[in-house]
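**Q** Protein sequence lines, in the order shown, are assigned to chains F and G. Its first residue numbered 1, the first sequence is counted upward by one per residue in this note's numbering. Its first residue numbered 1, the second sequence is counted upward by one per residue in this note's numbering.
A hint or two may mislead.
Intra- or inter-copy, both count: the list cannot distinguish identical chains.
As a list, the in silico PhoX-like pairs of lysine-lysine whose alpha-carbon atoms are at most 25 angstroms apart [as the list claims (entries may be wrong)]: (1) K159 x K119; (2) K159 x K137; (3) K42 x K84; (4) K154 x K112; (5) K94 x K49; (6) K3 x K84; (7) K137 x K154; (8) K84 x K94; (9) K154 x K94; (10) K154 x K218; (11) K49 x K80; (12) K53 x K94; (13) K170 x K154; (14) K80 x K94; (15) K218 x K117; (16) K160 x K119; (17) K2 x K222.
If you're looking for bench data, these hints aren't it; they were derived computationally from the structure.
There are 2 protein chains.
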Amino acid sequence: MKKHIQVIAFDADDTLWVNETYFREAEHQFANLLARFETENKIDQELFKMGIKNLLFYGYGVKGFVLSMIECALEISNYKIAPKQIEEILNIGKEMLSKPIELLDGVEDVLKALHGKYKLIFATKGDLLDQERKLEKSGLLQYFHHVEVMSDKKENDYKKLLAHLDINPKNLLMIGNSLKSDVLPLLSVGASAIHVPFHTTWIHEEATVDEQLENNYKTVHKLAEILPFL
Amino acid sequence: MKKHIQVIAFDADDTLWVNETYFREAEHQFANLLARFETENKIDQELFKMGIKNLLFYGYGVKGFVLSMIECALEISNYKIAPKQIEEILNIGKEMLSKPIELLDGVEDVLKALHGKYKLIFATKGDLLDQERKLEKSGLLQYFHHVEVMSDKKENDYKKLLAHLDINPKNLLMIGNSLKSDVLPLLSVGASAIHVPFHTTWIHEEATVDEQLENNYKTVHKLAEILPFL
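Work the whole structure out from these sequences, hints included.
**A** Right, here's the structure in full:
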């Protein structure tokens, strides 16, 4: 792997810092708000469906998530939700947008070790302003040569990124927690990938991999374990 | 001007296509929804204040605008707004996100004329997914060497863009409808600008210019009028 890698791209949410945990907490608060209408299990399922349905309109990120929570609350309550509870949903969103950044174990050491030896890229999905703000707050901005907030992470999105930054796919290594977004599309475009699973994955990001493909990327359990490959 | 310009950056909303008009229409629909609580004038003022207060959380774009409309409706109605009306606000937002693209007069001819002679850049504020989708729908994507959706358009944001694309400020010309976002910060970083006012400007984008600065940029009344300068 080492030989031809020149550029390393890092996913951010749940790769560099905690993110999915905050969504799970928000979903739990949301289910509590609606407890008089439905079970938490049903509310989780409906919110998930609403989020997927609305991806087309809102894309990824907190703002779209809040809009989907509001729409879901209207439906689940059969329009009986109280306006004060809508306000509480807005506040769940504002809290998410104001959370401090909690770096995952060893992240800064890894970036420090690789900085200067490789061109490091920040490549994440989500709301532009929110991701830029999180990167700023994290103190990690100084390690990255380039910051790319992507509206999606499919094969085609990576092709555009490679073209835009003039990178040969075989020189690129992507590191991330999502098989679906950070590993499989990279292999398809001819780049390399290392999978660093996080303990919580949004169902929408789950993927199954056929055994043959499993030989084409590495899996490590924490970020620091990528260093021996580099 | 012509001599040293190599890169031309275009703002999109209200420079290449209609945008602010849709926000004005949405505000009018919103005021109608709340007509039993307040006058349209008061509702407009409160929504404007809410939008500015929430810029910090949501940034620019339709999703943040919808979240601000909902928060404003709760406050103006003193929490008496009906859930069905919250749904109507969500629908105003989804309609905005689904609008067809209405190109402004002469836009495609101008891009065609400049494409190949200059490096053309798309530089706009707003929601990442929404702006990418609008560019795709517009049929104008083919004319641009680079697409940059920016979380803000202050002096510092342009400095980052110049560094990132390795452009000397004196080689850059920006074209846009907002004095505050597309003209003044460009002059501050040593680039050139042409102002193409649109008939409607969001109050937040209004700016006054001292007379001396007025000699440093040009104003034209439609996009095609930039061609004689290039």
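**Q** Next step is simple, just say for each hint if it's right about the structure.
**A** To see whether the hints hold, each was checked on the structure:
{"no.": "1", "hint": "K159 x K119", "in the structure": "both (18 angstroms within a copy, 21 angstroms between copies)"}
{"no.": "2", "hint": "K159 x K137", "in the structure": "between (29 angstroms within a copy, 20 angstroms between copies)"}
{"no.": "3", "hint": "K42 x K84", "in the structure": "both (22 angstroms within a copy, 22 angstroms between copies)"}
{"no.": "4", "hint": "K154 x K112", "in the structure": "neither (29 angstroms within a copy, 30 angstroms between copies)"}
{"no.": "5", "hint": "K94 x K49", "in the structure": "both (22 angstroms within a copy, 17 angstroms between copies)"}
{"no.": "6", "hint": "K3 x K84", "in the structure": "neither (59 angstroms within a copy, 60 angstroms between copies)"}
{"no.": "7", "hint": "K137 x K154", "in the structure": "between (27 angstroms within a copy, 19 angstroms between copies)"}
{"no.": "8", "hint": "K84 x K94", "in the structure": "both (15 angstroms within a copy, 23 angstroms between copies)"}
{"no.": "9", "hint": "K154 x K94", "in the structure": "between (29 angstroms within a copy, 24 angstroms between copies)"}
{"no.": "10", "hint": "K154 x K218", "in the structure": "within (20 angstroms within a copy, 42 angstroms between copies)"}
{"no.": "11", "hint": "K49 x K80", "in the structure": "within (20 angstroms within a copy, 29 angstroms between copies)"}
{"no.": "12", "hint": "K53 x K94", "in the structure": "both (23 angstroms within a copy, 12 angstroms between copies)"}
{"no.": "13", "hint": "K170 x K154", "in the structure": "within (18 angstroms within a copy, 37 angstroms between copies)"}
{"no.": "14", "hint": "K80 x K94", "in the structure": "both (23 angstroms within a copy, 22 angstroms between copies)"}
{"no.": "15", "hint": "K218 x K117", "in the structure": "within (21 angstroms within a copy, 46 angstroms between copies)"}
{"no.": "16", "hint": "K160 x K119", "in the structure": "both (18 angstroms within a copy, 18 angstroms between copies)"}
{"no.": "17", "hint": "K2 x K222", "in the structure": "within (19 angstroms within a copy, 54 angstroms between copies)"}
Hint violations for this structure: numbers 4 and 6, all remaining hints satisfied.
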